[in-house]
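K.L.:
Spelled out, the chains give:
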Amino acid sequence: MQPSDITPFIRATKNVFDTMLRMPVSFGDPRVVTSHEPQAHHVSGIIGLSGDLVGAVAVMFPKQTADLVVRALAGPSADTDSELFADAIGEIANMISGAAKAQYEGKTISISCPSVVIGTGHQIHQQSNTRSVAIPCKAGGHPFDILVSLRKAESVAKSVAA
Amino acid sequence: MKILIVDDSKTMRSIVKNCLATLGYSDVEEACDGRDALSKATACSPGLILLDWNMPNMNGLEFLKAYRSQGGKTPVIMVTTEAEKVRVIEAIKAGASDYVVKPFTPDVLSQHVTRTLERCKAA
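Residue numbers (our numbering), protein chains in the order written: chain U, 1 to 162; chain B, 1 to 123.
What the hints contain is simulated information worked out from the structure, not anything from laboratory work. Don't take each hint at face value.
[As the list claims (entries may be wrong)] Simulated pairs of lysine-lysine, DSS-like, Cα-Cα distance not exceeding 30 Å:
#1 B:K17 - B:K73
#2 U:K63 - U:K138
#3 B:K2 - B:K65
#4 B:K73 - U:K152
#5 B:K85 - B:K65
#6 B:K73 - B:K121
#7 B:K10 - U:K63
#8 B:K93 - B:K65
#9 B:K85 - U:K14
#10 U:K107 - B:K85
#11 B:K121 - B:K65
#12 B:K85 - B:K17
#13 B:K93 - B:K40
#14 U:K138 - B:K10
#15 B:K2 - B:K40
#16 B:K2 - B:K73
#17 B:K93 - U:K107
#18 B:K40 - B:K65
#19 B:K73 - B:K93
#20 B:K17 - B:K2
#21 B:K85 - B:K73
#22 B:K40 - B:K10
#23 U:K14 - B:K17
#24 B:K40 - B:K17
#25 U:K14 - B:K10
#26 U:K107 - B:K65
#27 B:K121 - B:K17
#28 B:K2 - B:K121
#29 B:K17 - U:K63
#30 B:K65 - B:K17
[As the list claims (entries may be wrong)] Residues from chain B that face chain U, not an exhaustive set, calculated with beta carbons under 10 Å:
#31 S9
#32 K10
#33 S14
#34 W53
#35 T80
#36 T81
#37 R87
#38 I89
#39 V101
#40 K102
Heads up, the beta-carbon is just placed ideally off N, CA and C, and yes, glycines get one too.
Work out the full structure, taking the sequences as your base and the hints as a guide.
P.N.:
Spelled out as structure tokens, the structure:
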């Protein structure tokens, strides 16, 4: 996958932040990453994709940004210790992935229920045959990243090559 | 009138609940997946069901098919990230009354709830 392949995720992220969080979001230049780059994120919402495209999407937040977006979505009482914290991060990842997959016209893609990982400095490793693109984002001036790791399903890749 | 909100995300249930409160509907029951929703729909006889699609144990479409096959007639609005036309058609064929795609503004959800309830009254 190329950095240009992630346009649906940029559109979807903007849509989710504008509509549900009412927060402006800006984007830096997407870049191809290796799975072993050290990360400074505190929490990640992860969605698996299957069907014509296979892989995962991770929405990764440093603690301060996570607090900000969770409060914007779930209300002022939803801090790091709240039971809503992980739930809200998962729902943001779910909405971004769902809105993005709808833009891949003609492809059948299913998304998983979200998983949430909490722990500063955690790393997300992708399959070795899947390229990952990181999209640097800022919400209300606070940084976060979206990691998109997608490849064509083998049956689809074969029929395209044939 | 009681409204049943079915979503595995507590955050989303809370957002939907707040939208309903602004419309004057505060009698709300919550379910966290399709299986939970089936037993609660039977127990509380809601006047409207707001239903997510992607949930563990039993998803929204499976719930809808099971609920309709058991004779459940309450209007169901799908509230889901599943935005593709084929999904919308699949849900309508299974008995959904209306369809709201996440992300949504409170105004959009309110309009769909009001419209669905008005349609049911008129029928």
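K.L.:
Each hint should be assessed against the structure and marked as holding or not.
P.N.:
Do the hints match the structure? See the list:
1. B:K17 - B:K73: The given pair, whose Cα atoms are some 22 Å apart, holds under the 30 Å limit.
2. U:K63 - U:K138: holds, 13 Å
3. B:K2 - B:K65: holds, 21 Å
4. B:K73 - U:K152: violated, 41 Å
5. B:K85 - B:K65: holds, 19 Å
6. B:K73 - B:K121: holds, 13 Å
7. B:K10 - U:K63: Roughly 21 Å separates the two Cα atoms, so the pair holds.
8. B:K93 - B:K65: With Cα atoms ~9 Å apart, K93 (chain B) and K65 (chain B) stay inside 30 Å; holds.
9. B:K85 - U:K14: holds, 22 Å
10. U:K107 - B:K85: holds, 12 Å
11. B:K121 - B:K65: Answer holds: K121 (chain B) to K65 (chain B) is near 23 Å, not above 30 Å.
12. B:K85 - B:K17: With Cα atoms ~27 Å apart, K85 (chain B) and K17 (chain B) stay inside 30 Å; holds.
13. B:K93 - B:K40: holds, 23 Å
14. U:K138 - B:K10: holds, 26 Å
15. B:K2 - B:K40: holds, 11 Å
16. B:K2 - B:K73: holds, 14 Å
17. B:K93 - U:K107: Given pair K93 (chain B), K107 (chain U) holds - Cα atoms ~21 Å apart, limit 30 Å.
18. B:K40 - B:K65: holds, 16 Å
19. B:K73 - B:K93: holds, 14 Å
20. B:K17 - B:K2: holds, 12 Å
21. B:K85 - B:K73: Distance of about 24 Å is within 30 Å: holds.
22. B:K40 - B:K10: The given pair, whose Cα atoms are some 16 Å apart, holds under the 30 Å limit.
23. U:K14 - B:K17: holds, 24 Å
24. B:K40 - B:K17: This hinted pair holds, its Cα atoms lying about 17 Å apart.
25. U:K14 - B:K10: holds, 23 Å
26. U:K107 - B:K65: holds, 25 Å
27. B:K121 - B:K17: Cα-Cα ~22 Å, so holds.
28. B:K2 - B:K121: Between K2 (chain B) and K121 (chain B) the Cα gap is close to 15 Å, so the pair holds against 30 Å.
29. B:K17 - U:K63: holds, 27 Å
30. B:K65 - B:K17: Holds, at roughly 24 Å.
31. S9: Hint holds; S9 (chain B) Cβ to chain U Cβ min 4 Å, cut 10 Å.
32. K10: holds, 5 Å
33. S14: Holds, about 7 Å.
34. W53: Hint holds; W53 (chain B) Cβ to chain U Cβ min 9 Å, cut 10 Å.
35. T80: holds, 7 Å
36. T81: holds, 2 Å
37. R87: holds, 9 Å
38. I89: violated, 14 Å
39. V101: Check passed: Cβ of V101 (chain B) comes within 8 Å of chain U, closer than 10 Å.
40. K102: Constraint on K102 (chain B) satisfied, holds at 5 Å.
When held up to the earlier numbered hints, the structure conflicts with 4, 38 and fits the remainder.
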